[in-house]
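Undergrad: Based on the provided sequences and hints, a complete structural model is requested.
As they're listed, the protein sequences go chains D and U.
With the UniProt record's numbering, letter number 279 in the first sequence gets 279, and the count goes up by one each step, no holes.
With the UniProt record's numbering, letter number 237 in the second sequence gets 237, and the count goes up by one each step, no holes.
In case anyone wonders, no lab produced these hints; they're calculated from the structure.
FRET-style restraints, in silico, Cβ to Cβ:
hint	chain 1	residue 1	chain 2	residue 2	range
1	D	S267	U	E210	50 to 58 Å
2	U	G119	D	K234	54 to 62 Å
3	U	Q226	D	E335	31 to 39 Å
Straight-line distance between alpha carbons at most 30 Å, and here's what the computed BS3-like set of lysine-lysine pairs gives:
hint	chain 1	residue 1	chain 2	residue 2
4	D	K134	D	K342
5	D	K340	U	K340
6	D	K340	U	K342
Positions of the beta carbon are idealized from the N, C-alpha and C atoms, including for glycine.
2 protein chains.
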Amino acid sequence: MARALELARRGQYSTHPNPAVGCVIVKDGEVVGEGFHPKAGEPHAEVFALRQAGYKAIGATAYVTLEPCSHYGRTPPCAEALINLGVSRVVAAMVDPNPQVAGRGMRMLQEAGIKAQSGLMEAESRAINPGFIKRMESGRPLIRIKLAASIDGGTALANGQSQWITGPEARADVQRLRLESGAVITGADSVLMDNPSMNVRPSQLPTHIELPDNWHHPLRVVVDGQGRLSPDLKLFQIEQPILLASHQPSRHNWPAHVDCWQGPKLSDKLDLNAIVAELAERQVNSVLVESGARLAGAFIAAGLWDELIVYQAPKMMGDSSRGLVHLPEFSTMSEVPEFKFKDVRRVGQDLRLTLVRAES
Amino acid sequence: MARALELARRGQYSTHPNPAVGCVIVKDGEVVGEGFHPKAGEPHAEVFALRQAGYKAIGATAYVTLEPCSHYGRTPPCAEALINLGVSRVVAAMVDPNPQVAGRGMRMLQEAGIKAQSGLMEAESRAINPGFIKRMESGRPLIRIKLAASIDGGTALANGQSQWITGPEARADVQRLRLESGAVITGADSVLMDNPSMNVRPSQLPTHIELPDNWHHPLRVVVDGQGRLSPDLKLFQIEQPILLASHQPSRHNWPAHVDCWQGPKLSDKLDLNAIVAELAERQVNSVLVESGARLAGAFIAAGLWDELIVYQAPKMMGDSSRGLVHLPEFSTMSEVPEFKFKDVRRVGQDLRLTLVRAES
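TA: In structure tokens form, the structure reads like this:
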């Protein structure tokens, strides 16, 4: 199973919106077939492994990081293939959280007389596809909010200067986060202030990442409720898909890669729930919010988040600097939102803090 | 030497202004004498160890965590005692940074024909007396600035509420910091806002600390340049020494344990350099600054600090909260002070970050 997980990880930057899955077929203590799912529309991991195993699959054990599928999607069900090729035992790391599968694959195998179990190295398997699992289990993508600040919570000087608070290693780690995300969301404030590209720049990724040729570019989502942005900004010059979200029609003519999406208002602003629902509809598994204090605060206040990832630089910007998140003014300490440190680690000269809900 | 360091640590909360020192005398592979310095005015570690060893000290090796003293202070020089009692070898963890000693003890031993070396487990020994070493080497106490904030750098809500940002373990750790300090400094702002006691409360110390009966109460120092404080405040009710520092005479009648000290002005405020020099004069080895954003910022801006100790709670207080430190407004990111994370660890639900100068 450890080998199957290793194989699965090879697909993690390219299988969107599918999960990354690996499969190893073992016969008499010997590996006879291996495979992983490389990209949506291409064969699943089991198919590659079965092809390699050939007749040796008869009576063999298949280790697969996710329950074999039971439904006809873009490819026929893998459970059927395993049955047809005579595998006698299937060990899955986890049951597929996809409601279309959800145990049906295991049952299909068992009904065909195959010993089928799940749960081996489940935590490791879940860690490979957190976004897919979140979307399948809750109906919305995994939402991570990335923040960067000095230790006193400054994100920009009083005059707006903010480059660079964090060091190159932290910025490379943010490139990794983008690469892991199906969509990256930012707001008009940040775009007007920093004129960012919001894309993944392979040359700036951490050196340990092996980027496959068919890696998936995250959808860039720009929240521009008041329609303040114009097509000349840098991020619109890059011909990768952009979703421009507003609650009103745009005054501009946008190039073909910019999809103008109009959503409902909530308290006079674009309803963030609607954007998130739209992204779920578009099969986006995980979303990275990279924005200024207002939009980040709005996602937090709306409860639309799973992880806060804070890059903290060993600097002090002073109390005249701009704050990290805009939240409503609290009148007692008990109203202040509480989190839990899930992970704390050094990234170059900086720290990366991962926070989750206090009750999780 | 490891045992001698263990013994030294027993004195760390009571030897002020002296360093904590331990000594072990070994003869033919057997410990024949042990001792540590318990309190200023009482015998040094070597004397206790020699007393226990008696005639067995003849031809023995003495392991001592700090170079034996060579001068007549409140007690006669330990180097002399070691010579007189016939010890044949002395191993010191470090040379005494006290300019009155500074190698003279080792030399005195060598001139008497004793094999005397230093440098064994030096880093461990230095870690026991950081304040003493700092004062001896630089002429001023070690200054640690304690700060507590949410991850977005908030220290109080807009209405001033601030209790409690951090959890009980972090607050217990602050009690430990106070206990380790010769003086604790706060400012009139904090006293007026929180009405604190600023004392060490043994019942609130971390449970692993064994407090000796003769523990040293840190001198409480209150910076009140404008003379805004009055004797009815809580900290003045506790009859332990207080230094009330101002640049003008006080209008109040203060109880005997409050020492009103008047210092010079610098840019219309009490000169912090003068306070620090006064504390060095009073043989204070280490100072803990526990104050609001203004005084903490003033110490940082004046370069009067060695460590910033930031307790960070997994909370977000929003951009309307009060900031961690007041610093001059910067116009470019290159002016922003940069530090280095020396230590990062979890304390209960919170984090404790220790920062030092970037170039150190």
